[in-house]
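With these hints in hand, go ahead and build the complete structure from the sequences.
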Amino acid sequence: MKQVQWGIVGTGNIANQFAQGLQLVENAKIAAVASRNVNSAKVFAQTFDIPKYYGSYEEMAKDPDLDIIYIGTPHPQHYENVMLFLEAGRAVICEKPLGVNAAQAEKMIAKAREKNVFLMEGMWTRFFPAFKKALEWVRTECLGEPRMIHAVFGYDGTVNRQQWRFRHDMAGGALLDVGIYPLALAFAMFGTDPVQISAAANIVDGVDEYNTFTLTYADGRIAVLSSAIGLKLDNRVCVSGTKGAVLMNEGWWHSDRAEFALARETDAGVSPERDVFDQPYPASGFQFEAQAVQQCVLDGMKESPVMPLDETLKIAQTMDLIRKEWQLFYKEDEL
Numbered sequence: 026m027k028q029v030q031w032g033i034v035g036t037g038n039i040a041n042q043f044a045q046g047l048q049l050v051e052n053a054k055i056a057a058v059a060s061r062n063v064n065s066a067k068v069f070a071q072t073f074d075i076p077k078y079y080g081s082y083e084e085m086a087k088d089p090d091l092d093i094i095y096i097g098t099p100h101p102q103h104y105e106n107v108m109l110f111l112e113a114g115r116a117v118i119c120e121k122p123l124g125v126n127a128a129q130a131e132k133m134i135a136k137a138r139e140k141n142v143f144l145m146e147g148m149w150t151r152f153f154p155a156f157k158k159a160l161e162w163v164r165t166e167c168l169g170e171p172r173m174i175h176a177v178f179g180y181d182g183t184v185n186r187q188q189w190r191f192r193h194d195m196a197g198g199a200l201l202d203v204g205i206y207p208l209a210l211a212f213a214m215f216g217t218d219p220v221q222i223s224a225a226a227n228i229v230d231g232v233d234e235y236n237t238f239t240l241t242y243a244d245g246r247i248a249v250l251s252s253a254i255g256l257k258l259d260n261r262v263c264v265s266g267t268k269g270a271v272l273m274n275e276g277w278w279h280s281d282r283a284e285f286a287l288a289r290e291t292d293a294g295v296s297p298e299r300d301v302f303d304q305p306y307p308a309s310g311f312q313f314e315a316q317a318v319q320q321c322v323l324d325g326m327k328e329s330p331v332m333p334l335d336e337t338l339k340i341a342q343t344m345d346l347i348r349k350e351w352q353l354f355y356k357e358d359e360l
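Throughout the sequence shown, residue numbering follows the working numbering, covering 26 to 360 in sequence.
A portion of the hints provided could be inaccurate.
Ranges between beta-carbon positions, derived for each pair [what the hints assert, rightly or not]:
| hint | residue 1 | residue 2 | range |
| --- | --- | --- | --- |
| 1 | A308 | F354 | 35 to 45 Å |
| 2 | G169 | N62 | 49 to 59 Å |
| 3 | M326 | G245 | 32 to 42 Å |
| 4 | D90 | K157 | 42 to 52 Å |
| 5 | A135 | Q320 | 16 to 26 Å |
| 6 | I222 | Q28 | 41 to 51 Å |
Below are the DSS-like pairs computed for lysine-lysine, each with C-alpha atoms no more than 27 Å apart in a straight line [said to hold, decoys possible]:
| hint | residue 1 | residue 2 |
| --- | --- | --- |
| 7 | K132 | K268 |
| 8 | K54 | K140 |
| 9 | K77 | K54 |
| 10 | K356 | K132 |
| 11 | K27 | K54 |
| 12 | K268 | K157 |
Rather than coming from a laboratory, the hints here were simulated on the basis of the structure. If you're wondering where the values come from, they're calculated on a predicted model, not measured in any experiment. Beta carbons: idealized from backbone N, C-alpha and C, even for Gly.
Here it is as structure tokens:
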């Protein structure tokens, strides 16, 4: 099998985690890394034994040997970075959210289709075996008719309010940073067509520090979702059905465990039957997503069936609607 040459854009924490996972992907080689700071790129290259490093993204875009580009830069840089490498004809996986808003996402998707190259939003959650098992339980209606989702992802980052997540000019806030995870989970399990969306948020200095939003579907299904960057939340998932529930605990967005509890009536009362899927994994866990992307590219596919581009756009449109309800707008919304 052909050795696939990867390029990594960005050298922050998320890029480090992705590089760790990529070490475990068969026939994958990190061939280059780029940063706006050449010293940062050099250190990253030394850490992961990467042969080439660049002090600009434009320079790396000219490298003819790269097959797939991973983009792990902050949100406001995604649009410019993705468009650069798509224009160069490279397959691209970009950290979520693909764009700050739906307008950006739509343009990136259009460019990928124009250039006939692979593009995917990096929603790593969907590629973990435990999440796939949870999704299978829901979709096959093992729990009866799925009726309600509670999904939460929140942490307290207020010890460092100078970080970009608390900056309005950096498209900070909980929704784009972590709220996208429960939203994407709800779309995977219940579909992308809720008939009603209601939302509330606590906005401080132009970013949503914590929020909750509810999706209601035409058939009565409800998804109650919350996220935070200014509060530690309970970080659990419960998908309830007419006969049982699927449970995922702390860290569900990169989970190694999912539980299915089916309640059955007996003469002695309700006796729960449980099925536990437990599969620990090495490294950061990004290997599952990276392996799937690499296989898509090797197979000549232009998007992932697990995280399709139309769904990425629908997620972006939904987050736009939620922010509009809060009257929370970024400079990118004016373009």
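So, going through the hints one by one against the coordinates:
As the Cβ distance of A308 to F354 is approximately 38 Å, the hint placing it in 35 to 45 Å holds. The supplied range of 49 to 59 Å is met by G169 and N62, whose beta-carbon atoms lie about 54 Å from each other. Between M326 and G245 the beta carbon distance is about 36 Å. The supplied range of 32 to 42 Å therefore holds. A beta carbon spacing of about 33 Å between D90 and K157 contradicts the range 42 to 52 Å that was offered as a hint.
Taking 16 to 26 Å as the suggested C-beta distance range, the pair A135 and Q320 conforms, at roughly 25 Å. In this structure, I222 and Q28 meet the distance hint of 41 to 51 Å, their C-beta atoms being roughly 45 Å apart. With a C-alpha separation of about 43 Å, the suggested pair K132 and K268 falls outside the 27 Å cut-off, and the hint is violated. The hinted pair formed by K54 and K140 meets the criterion: a straight-line CA distance of about 24 Å does not exceed 27 Å.
Restraint check: the Cα-Cα separation between K77 and K54 comes to about 12 Å, which is no more than 27 Å; the hinted pair holds. For the suggested pair K356 and K132, the alpha carbons sit about 17 Å apart, so the restraint of at most 27 Å is met. Under the criterion of a C-alpha separation no larger than 27 Å, the hint pairing K27 with K54 is consistent with the structure, at around 11 Å. At most 27 Å may separate the alpha-carbon atoms for a hinted pair to count; K268 and K157 meet this at roughly 20 Å.
This entry does not satisfy hints 4 and 7, going by the numbered hints stated previously.
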